[in-house]
Structure formats: structure tokens, C-alpha cells
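Asks: Chains as they are written, first to last, in full-length UniProt numbering: chain S, 1 to 436; chain Y, 1 to 436.
These are calculated hints, taken from the structure and not from any lab test.
Among the clues, some could well be false.
Treat identical chains as interchangeable: a pair holds within one or across any two.
Said to hold, decoys possible - Heads up, simulated SDA-like pairs for lysine to any residue below, C-alpha to C-alpha not over 20 Å straight-line: (1) K24 with I78; (2) K54 with E324; (3) K27 with F222; (4) K24 with F386; (5) K413 with N124; (6) K54 with L320; (7) K62 with L37; (8) K363 with R327; (9) K363 with F374; (10) K60 with S406; (11) K363 with A348.
Number of protein chains: 2
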Amino acid sequence: MTTSAPIRFRVFSLNCWGIRYLSKNCKERFVLIGDLLSQEQLDVALLQEVWCEKDFLFLKKKLNSIYPYSHYFKSGFIGSGLAVFSRHRIHDAFLYRYSLNGYPYMAQHGDWFGGKAVGKVLLNISGLTVHIFVTHLHAEYCREKDSYLPHRVVQAWELQQFIRHTSAGADVVILGGDLNMHPDDLGTRLLRNYTGLQDSFSETAHFDGCEEGHTHISENPFTNTDGLVPFGGGVRIDYILFKGSGEVDVSCESLSTTKGPVPGHPFPYSDHEALTAKFLFTPTTKGNGYSERQSGCVSDKLPELVNTVNEARTEVKVGLHCAERMRHTAARTGIMGLVLLVLELAIATIPLFALGTEQPFPKASFYLLGALCFAVLLSTLMLYVFYSMEVKALQGTEDQMRLALSSFQEQLKESPKVLSSDHLRKPLDSKDSIHF
Amino acid sequence: MTTSAPIRFRVFSLNCWGIRYLSKNCKERFVLIGDLLSQEQLDVALLQEVWCEKDFLFLKKKLNSIYPYSHYFKSGFIGSGLAVFSRHRIHDAFLYRYSLNGYPYMAQHGDWFGGKAVGKVLLNISGLTVHIFVTHLHAEYCREKDSYLPHRVVQAWELQQFIRHTSAGADVVILGGDLNMHPDDLGTRLLRNYTGLQDSFSETAHFDGCEEGHTHISENPFTNTDGLVPFGGGVRIDYILFKGSGEVDVSCESLSTTKGPVPGHPFPYSDHEALTAKFLFTPTTKGNGYSERQSGCVSDKLPELVNTVNEARTEVKVGLHCAERMRHTAARTGIMGLVLLVLELAIATIPLFALGTEQPFPKASFYLLGALCFAVLLSTLMLYVFYSMEVKALQGTEDQMRLALSSFQEQLKESPKVLSSDHLRKPLDSKDSIHF
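Looking at chain S on its own, in the form it has when it is part of the complex (with noise of 0.2 Å):
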């Protein structure tokens, strides 16, 4: 029952940085937020890091006669941070959690805490079903040294994974979000090329908006500028990517970044810039778009996506062995420990033999020294199972890479002619062999 006339359909993208007592001006900035999307005529709203779920009910009230409709994802300890307003009825929604999200012992860092994931919310537009997806991935706090890279790389993978998987019936998919990667970062790519989705900022035909379309600028004043300078001053990390079907063209019209400061205020909305793209559906009568759908990935492709895989696989693979050797260091850690306290025990019974002798050391330093090798012991095996559970999730990982090398080398053996020969070097019989 699809309609055959043209939609125009216009979504909004904001990370809010909101977390109360530490953003600075949080109250303030939710009103204005508020006030933005009411303004705007908006088909549905994505926001991320609202924190605190009061400043989404704030919002909720706020906006409720104009969008009726509102989802707000809850994962981790103060997360997911990702909600959605929308003036069309939300008829599901759904939430995959990342596996790995940086540690928990980085509370400085504070991820981990937030239990990033991505939301899905399905919609019925005039017949027509449209997949949102809203997400927030790991924070990028060093780019030359990003002991996080391997997180967010599996955070790319498991983000395309999802979006392929559960769009198989969707007439359109649109994803928007703070994917903390710079458009030609490797996950950018993997996303992009695997999932086939198309980046509104190139696709656009009218953009108004912050230089190349930076969504994070260094004259933003909660932004710490120090990292910035390197790129120009503004990098692009907040996206809104969309791709239709054999069902439904989607074209972009227009696409904006907010610029700045709030007209009339000294301070912007968010240490990022908001998005708003303005899409055109024109149901085709095609109609062959099942067979499409399915595949998720364009065949000529193929080889560039073999080597976005390739790379991906490598990154996880340098997680995998940092976080072998991060597990290493625990256990031998708290093994440590563990001899510690058994030779201290050993010394302290010493007198229980040979009567008269005096103890060999003072009480105190004895307890001390025994809470201090206990609490070693403890944490150091908290620590192991933690590192294994990253060791599990980036060999799972690396194992579904894998999978789906040899899979794509099926296909390319199929059409041998989109295939160069860099691209296919060896059988993949066994688990070595695989270079491809």
C-alpha cells in the first residue's frame, strides 16, 4: 500500500552534551532545544547524549502537540543518551547495545558508563515503511594515539551489522548521529560501504551550514579547541545517512548545520552543531527492489569493501592483541598478589610453631600488607574477566570478519570481472590463508 505521490520528509540531528552539573549551561540549552524543534517543522527529531531522563520528560512535555510521538533508549548506568521525538506514530522500536565500549575504569572518559548502543524506531509514512536509526559511538579523546580505535571500529561493525539485518523490510532507512569518525575514517567506510548507505552531506543539493559541513568547530566555546587545530579548525562527525529502495527514490534537497552561537544568546545549542536534512521520497514503480534489499551492498563495491573489511580486520586484530596482553598483565598481577599473601600467611605462622619466638613483623604492617594483597587479588581478577570478555567480543568479532570475507569471495567468483587481483590473493581454506 504504497502512496505514489512524493513525501517530503525532514529529519533533525543533535548530540546535546547533556550532562547536568558538568555541561555547562545544560538547563539553559535543553529550552532553547526545545524551542528549535518546535520552530522547525520536523518529521522526527534524533538527539543524542541526553543524559538525564528528566531533560528528556522536560522536552517531552514541551514538544508534546507537536510531536506526539517520542521513544528515549535506556542502556548502561546513565545511558543511552539517545532519544527520539517524531510527529508520526512510532509503531516499534528496538536497541543493540555495542559489546565493547571502552572501561569502566576510565571514569574520566565516562563511556563505558553511558552504554552507547543504537536505537531503531520504525515508522509508517503514507504507506511507506521508514527504518530510523539513532546512535552515539565511542568519543575519539587522542586521534594520534586513540587507544580507542578498535572499540569503535567493532562499535562500526556491529552499527552496519544491525542496520543490514533488521532493514531487510524498510521502504527507507535513515541513520543519524555522533559517529565520532571523520568522513573517510574507517569505520565511516565500513558503515557506508557495507551498509550502502549515502551521506546527506555529499548527496545534498543545496547546503547551508558550517565550512564542509563541520559539525564539531573550534569557535564553538565548549569545545576544547587544542584538538581541532590540526583539521582546519572543525572536523565532520555528526551524520545523517540515508539510502531508499527499489520501492522508494530518496534524494536529498537540502541539508543544514546550525552555525554558532543561539540568535540572541552568547552560547550555542551543544558543543556540536545540529543537522537538518530534508529528503524526497518518490515512490518508484519498480517494484524489484526486494532482491536488492537483501543483498544490503551494491556488487561493484565488492572490492572496495573487501578492503575496508581487510582493514577493519586489522584494527580489531590490534585491539585483540592489546587486549591478550592487557589480560596477561592482570593475571600475572594478581598472581603476584596471591604469592604475596600466601608467604605472608606463611611468615605469620611461624610463631605457632616455634613457641617464644617473637612475631617477625609488627601487627599492624600485617594487616596492612594482607588487605593490600587482597585487594590486589580482587581487582586484578575483576580486571581478567573483564579483558576476557573484550578478548571474546573482539575474536567474535574478527570471526564474523572473516565470515564475511569468504562470503564476498564467493560473490567475486561469481562475477570474477569487478575483482582485480589485489583484491583475491588466496584460497580460504584454512584460517591463515585468508589475506584476501
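With chain S held as given, fit chain Y onto it using these hints.
Replies: This is chain Y only, laid out in the frame that chain S set:
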């Protein structure tokens, strides 16, 4: 490109009870399981509780010529224990880890460490897209006082979500695994009513196996028989569920279970019985399956589904109440630890201000008490974080259930004939008014 000839497809499912050094006759049983899989002419074998990768690799090597394709899903500390062996190429694999899965401090139950999940593999059988799911849900240790019930209900909810959302493009859907739920349990009804999956035991034309299809029987020497007494010596907790689509009719020609000891051996394959189902895929010429696929549930079953979701929501609320209480207890204990630590430090500082005064209590007790307070503080902090995550996951599930009920209400409004007055009492204007 769907073939028009009917296809026979044999599926096997077994919980292997493969805990090295703890499960009895573990190594011998994996040899026998390998022999069984070699003899049976299966298309796909779905294994659970293959906890050790070495056992998977042993089977992979042994079965390589008959089942050249396999996938081992990795999750958690020692899991997920899920493995798939297939005669057909596995084109893609995807894993969803359940958000709740017991407690890490309940180490004797071990479920948390297993990282329970649902795995999906994608096969192409003569042009048909067959989606195969394998899962293992949280165990039930005490049916009368089942403290894990809310977790299992959340798992069943996430399982049905995962299947519905990822199988829109499937011609055939098959789920095998150990659900740890009886056929009429809330989670089983939730899963079956929402996804439309059919039970091979009730749908099969021929059955050969244990009485009433039991897969966990008291005659099994590895089974703790006490728990099975109220159920006449056996329960059915392992399943092979299936559904076709508008493109393919699926029928279950036969289902069989193993019956106790392996012929010629004094022990069975596992503490569960294995299931083997023979399906017949008959491609239809209707080609009207697409819209049916999208909804995932048949509208005349909607009132029943509404009741089931309501029931599940109540159970999640019970779990939420319990998790909030536990979080409160953790917070209170942590505050007590903190107060004691501060008090101790305050007493210890007295000699600093009143020179000459004796140390109020011996050094040894001081350090011991300090260490104890610190340990209490740290462990309650971690428990607080853990319970907060549990609360978030339960709240998130409840929100999704409320959304689902609201969407059902809309569907029922559109076709009011299927609605009995029991199912719809009030309009859905506010959170409180949803009883539905």
C-alpha cells in the same frame, strides 16, 4: 530466484553440557556427539553449551567433510556456547547479547559468565533465504522461587524482537535451542505469539521420542531429578520452532528426540535430549508474503498477544521493583561504610590535635577496620553500578512493551472486530492509563 521443487531440510539441536572438568564424561560425549552428527544426514546442527572453544574445534575438524561450514559465537567470559554446523555455506552471522543475564556474584550458577545470546546465521538453500537462529536462555534453578524470571522474560522479549526485526527478508525462519522455559511459560508464549513461530513438536506429522517431547528427563544420569518430580519426571525446555513466509510453506514432517543412553554406552549425549526435525519447504506461487512478513504477527492473535505482553510487563515490573530495592540496599550499605570510615579517620586524628593523648585504638584494629570499610565502600559502589544497569535495562524493556501495547491498540482500533472488551479498557493518553 526461488526454486519451485519442494526441499527437505533437517535441523538438529542439542544442549551439549560442555563444561570442561565439571561436566561428567565431557570429552567422551563430544566424540559421541560428533559421531551422531556424522551419521545423521543433517542440513544444520545447532549446539548450545559448547563452552570450550577446543571442543568446537574438535567437532569442526571431525565434521569438516560433512559440514564444511560452521560458526562459533563468542560472548561474555566463557560463552556464548552457541555453535552452528552447516552443510550449506553460511553467508552471514550476527550475534545479539541479552542485556540481562543473572548476576556475576552468583558464580555457582555461572549464567552471567556465559554471556547468553542469540546467534543468527544466513543460509541460501536453492534460492531460498533461510534464517537460522540458535539461542540459550538463563537457566531456571528453582521454579517455585525463580528469582531469574524477570531476566528470562527480558531475554524472551529481546529474542522475539531480534527475530522479528532481522527476519523481514527471510523465506524461512528456524529457531533452535534451549529456552529453559516450559511450553506454556510466559516467555515461550511471548516468543511464539509475537513472532508467529510454530512449535515443531505440536506441528509435526510424526513424532518419535521421549514422552510428551521431554528433553530434560529424570532417567538421565546427569540430571538432578528433584526438580523434575512435580512434572512427572520430565520437561520440554528445548525447541525447534519454525515459520515460512508468503513465498514458502514450511511443514514439519517428523520430529525425534534421543532417548537416554547412547546405544552401546552407559551414558547419554548430554543432560538434555537432542532434537531432530525434518522440514519440507514448499515454494508457493502466491508471492503475497511481503506484507505478512513485515508485521510478524497475525492480527487475529492480537488480543492474545496483548494479554501476553501485559503479563510480561507485570513480570518486568516485579523485577524492576526488586532491582531498585537491591540498588537501594547497596547505596545504604555503601553510605554506612563511608560514615564508618570517616568516623574512624576522625578518631584517629584526635592524637594530632591533643598531643600526649594516647592512640584511641590499637593500630592493627585501626588498619583492619579501615580496610574493611574501604572494601565495603568499593564493593557496594560496584553493586550500585551493576543494579543501576539492571534497572535501566528493565525500564527500557518496560518502555518498549508499553510502546508495543500502544501500537497494538492502534491496530485493534483499525480492526475492532478482533477486540474483546477485556483487552482494551482505557485510552492510552498517559503512562498510568495503560492497562490494555
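Asks: For every hint, state whether the structure bears it out.
Replies: We went through each hint and held it up to the structure:
In this homomeric assembly, K24 and I78 come within 20 Å of each other (Cα to Cα) only inside a single copy, at 18 Å, whereas the closest approach across copies is 43 Å. For a Cα distance limit of 20 Å, the shortest separation of K54 from E324 across copies, 18 Å, qualifies, whereas the shortest one inside one copy, 40 Å, does not. Only within a single protomer do K27 and F222 lie at most 20 Å apart by alpha-carbon distance; the minimum there is 15 Å, versus 60 Å between protomers. For the identical chains of this complex, K24 and F386 are neighbours neither inside a copy (33 Å) nor across copies (29 Å), given an alpha-carbon limit of 20 Å.
Within a single copy, K413 and N124 get their C-alpha atoms only as close as 39 Å, which misses the 20 Å cut-off; across copies the closest is 16 Å, which meets it. Proximity of K54 and L320 under a CA criterion of 20 Å is satisfied inter-copy only: 19 Å between copies versus 39 Å inside one chain copy. Taking the shortest Cα distances, K62 and L37 sit within 20 Å of each other inside one copy (10 Å), while across copies they are farther apart (61 Å). Taking the shortest Cα distances, K363 and R327 never come within 20 Å of each other, neither inside one copy (34 Å) nor across copies (36 Å).
When the C-alpha separation of K363 and F374 is checked against a cutoff of 20 Å, the pair qualifies both within a copy, at 16 Å, and between copies, at 19 Å. In this assembly of identical chains, the alpha carbons of K60 and S406 lie at most 20 Å apart only when taken from different copies (17 Å versus 47 Å within one copy). For the homomeric pair K363 and A348, the shortest alpha-carbon distances inside one copy (9 Å) and between copies (17 Å) are both at most 20 Å.
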